[in-house]
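First to last, the sequence lines map onto chains A and B. The first sequence maps to residues 1 to 274 in the working numbering. The second sequence maps to residues 275 to 570 in the working numbering.
To be clear, the hints were calculated from the coordinates, so they are not data collected in a lab. Where hints are given, some of them may not hold.
[To be verified] Label pairs and their in silico Cβ distance ranges: (1) Leu-353(B) with Leu-166(A): 51 to 61 Å; (2) His-434(B) with Pro-191(A): 41 to 51 Å; (3) Ser-112(A) with Asp-343(B): 30 to 40 Å.
Note that beta-carbon positions come from the ideal geometry of N, C-alpha and C, so glycine has one too.
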Amino acid sequence: MRRRGPQSLLLHAALVTTSLVSLTPLGWMAAAAFMQPGEANALPPHLLPHDPTLQNFVALFTRLDMARAFLNSAVITVLATVLSVFVNAMAGYAFAKLPFPGRDRLFKRLASALVVPAQVGMLPLFLLLRELGLVNTYAGVLVPYLASIFGIFLVRQYALGVSDDLLDAARVDGAGELRIFAVIVLPVIRPILATLAAFTFLSAWNDFMWPLIVLSDGHMATLPVALASLVGEHVQDTELMMAGSMLTILPALVVFLVFQRFFVRGITAGSVKG
Amino acid sequence: MRSSLEKRQMRAALWFLAPALLLLLVFFFLPVVAGLLLGLTDFDIYAIGSPGNARFVGLENYARLLTNDVFWRSLGNTLFFVALGGPLSVAVSLGAAMLVDAKLTRLRPLFRTIYFAPVVTTLVSVAIIWRYLYHPRYGLLNHVLGLVGVGPIDWLGDPHWAMPAIVLLAVWKNFGYNMLIFVAGLQAVPAELYEAAAIDGAGGWQRFRHITLPGLAPTFLFVGVTTMIGYFQVFAEPYVMTQGGPLGSTRSVVLFMYEEGFRWWRIGTASATAVVLLLITLAGALLQFRLQKERT
Numbered sequence: 001m002r003r004r005g006p007q008s009l010l011l012h013a014a015l016v017t018t019s020l021v022s023l024t025p026l027g028w029m030a031a032a033a034f035m036q037p038g039e040a041n042a043l044p045p046h047l048l049p050h051d052p053t054l055q056n057f058v059a060l061f062t063r064l065d066m067a068r069a070f071l072n073s074a075v076i077t078v079l080a081t082v083l084s085v086f087v088n089a090m091a092g093y094a095f096a097k098l099p100f101p102g103r104d105r106l107f108k109r110l111a112s113a114l115v116v117p118a119q120v121g122m123l124p125l126f127l128l129l130r131e132l133g134l135v136n137t138y139a140g141v142l143v144p145y146l147a148s149i150f151g152i153f154l155v156r157q158y159a160l161g162v163s164d165d166l167l168d169a170a171r172v173d174g175a176g177e178l179r180i181f182a183v184i185v186l187p188v189i190r191p192i193l194a195t196l197a198a199f200t201f202l203s204a205w206n207d208f209m210w211p212l213i214v215l216s217d218g219h220m221a222t223l224p225v226a227l228a229s230l231v232g233e234h235v236q237d238t239e240l241m242m243a244g245s246m247l248t249i250l251p252a253l254v255v256f257l258v259f260q261r262f263f264v265r266g267i268t269a270g271s272v273k274g
Numbered sequence: 275m276r277s278s279l280e281k282r283q284m285r286a287a288l289w290f291l292a293p294a295l296l297l298l299l300v301f302f303f304l305p306v307v308a309g310l311l312l313g314l315t316d317f318d319i320y321a322i323g324s325p326g327n328a329r330f331v332g333l334e335n336y337a338r339l340l341t342n343d344v345f346w347r348s349l350g351n352t353l354f355f356v357a358l359g360g361p362l363s364v365a366v367s368l369g370a371a372m373l374v375d376a377k378l379t380r381l382r383p384l385f386r387t388i389y390f391a392p393v394v395t396t397l398v399s400v401a402i403i404w405r406y407l408y409h410p411r412y413g414l415l416n417h418v419l420g421l422v423g424v425g426p427i428d429w430l431g432d433p434h435w436a437m438p439a440i441v442l443l444a445v446w447k448n449f450g451y452n453m454l455i456f457v458a459g460l461q462a463v464p465a466e467l468y469e470a471a472a473i474d475g476a477g478g479w480q481r482f483r484h485i486t487l488p489g490l491a492p493t494f495l496f497v498g499v500t501t502m503i504g505y506f507q508v509f510a511e512p513y514v515m516t517q518g519g520p521l522g523s524t525r526s527v528v529l530f531m532y533e534e535g536f537r538w539w540r541i542g543t544a545s546a547t548a549v550v551l552l553l554i555t556l557a558g559a560l561l562q563f564r565l566q567k568e569r570t
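With these hints in hand, go ahead and build the complete structure from the sequences.
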């Protein structure tokens with residue numbers, strides 16, 4: 001075993017201190033979520049619940065209808081993830097492997113629109129959905145999630161690496177383009193689709209401004225929107241709010257921990273623009 | 275003449291692209307263009323019922339923004355948030371990346387995961403958590419500061435501290451994202467350069483200054499500009515933590531736009547504000563493009 005020098009000690013002290021800073025707010029949330037009413041305001045602060053209780057979670061689900069918000073979030077997020085993976089996978093593959101005149105110029109134009117902030121179109125989009133009767137519906141909140149320029153970009157960069165020989169061989173064998181896509185391409189580009197799915201899941205689950213705008217009816221609210229309105233009335237109930245925060249954060253954390261390696265790929269791929 | 279294979283592929287491309295392009299056209303590009311146009315009208319709550327009530331007013335909305343103190347205050351707050359939070363977040367990300375990437379570091383994946391965890395958390399939830407952490411009397415932060423004899427600070431209640439407090443939360447939440455990009459950048463710096471420098475007797479600081487920093491220049495550019503663009507869109511933190519207060523000290527441009535548009539239904543002014551945000555973002559992107567060109 002290597003001798004641990006003072007340099008290594010110092011390094012690991014810094015690593016652990018930074019970890020504490022990263023984890024303390026989340027740890028405190030998790031502890032407070034199980035505390036008795038008022039305990040989170042104890043002085044000196046309790047770092048762990050002295051008499052753990054589930055009553056905050058029970059209150060969220062019985063008195064406060066957070067079950068509905070959870071369901072809304074789950075339905076919207078799952079639909080957004082599944083549908084957007086298909087829409088963006090098809091478009092990204094076409095931009096990479098199906099030649100047509102002006103293809104690369106069109107892709108460049110599209111990629112340059114990546115810099116346009118989503119907020120710029122939000123007001124007109126709201127008015128449009130209002131005309132279509134889609135305000136306060138799942139469909140209304142979903143439509144802007146389905147096609148994403150970033151998603152198309154991710155898939156295209158990855159699909160460029162698919163072997164042309166493989167595709168041509170299938171064509172010679174008489175396979176149709178849809179069949180080639182479903183049977184040959186999809187399995188090969190699966191890793192980038194997992195990346196895309198993980199990103200879409202998290203951004204749909206965590207999104208706030210758009211659902212806040214388009215889901216103004218309390219029954220349709222997603223978890224973040226419901227939570228933000230809950231804190232207005234229940235700001236004094238720290239433990240209850242921490243239980244609500246935990247309910248919202250936990251699915252995101254679990255998805256991240258399970259799909260971790262796909263996130264790294266997506267982030268570093270996004271940073272080297274081709 | 276095109277071969278039948280080419281024709282077949284073109285037809286397939288059309289079908290494969292149609293869903294994505296149609297969705298983007300109707301629910302993204304069309305609204306963006308409509309936003310530019312709405313910014314030139316006096317579209318308000320009366321026009322929502324019957325759009326015929328809206329009139330073309332030219333640049334009047336922009337002129338009104340220029341004389342609106344609340345707008346200027348929001349722009350100033352946002353610039354402060356970007357100017358303080360941007361560099362701070364990039365610096366923390368780089369520091370964390372160097373810690374994680376150091377040769378002696380053990381349990382590298384564990385630390386990387388811990389630092390990244392706040393990135394995936396729900397912004398609204400962590401804003402609520404930090405609201406309690408910042409509580410002047412019961413908050414954990416003031417308690418810890420009290421142990422070393424500092425404070426108490428009324429983080430979110432004092433107009434001087436509220437924006438820095440939001441910056442702190444934003445940096446805590448975001449630094450792991452850019453850290454990953456910096457780690458990739460660090461690994462792309464050729465190891466031979468460090469070995470050569472070590473042979474020449476260069477110390478740690480000199481190696482950092484003359485090898486690491488120049489090697490990371492493209493990464494800095496990308497991270498710096500994307501972080502700035504992202505920080506200009508700050509919204510949920512002030513919405514949840516301070517509602518723009520105290521005394522309007524945390525109202526951001528996007529929060530101002532939201533209030534104009536969805537609280538007062540002044541769609542015209544709100545759209546003009548969105549256009550201002552777009553122009554700022556385009557300027558940032560142009561800057562990145564220019565600097566990148568200069569380098570190559």
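Quick rundown of the hints versus the structure:
A C-beta distance of roughly 52 Å is found between Leu-353(B) and Leu-166(A), which places it inside the suggested range of 51 to 61 Å. Take His-434(B) and Pro-191(A): their Cβ atoms lie about 49 Å apart, and the range 41 to 51 Å holds. At about 35 Å, the beta-carbon gap between Ser-112(A) and Asp-343(B) stays in the expected band of 30 to 40 Å.
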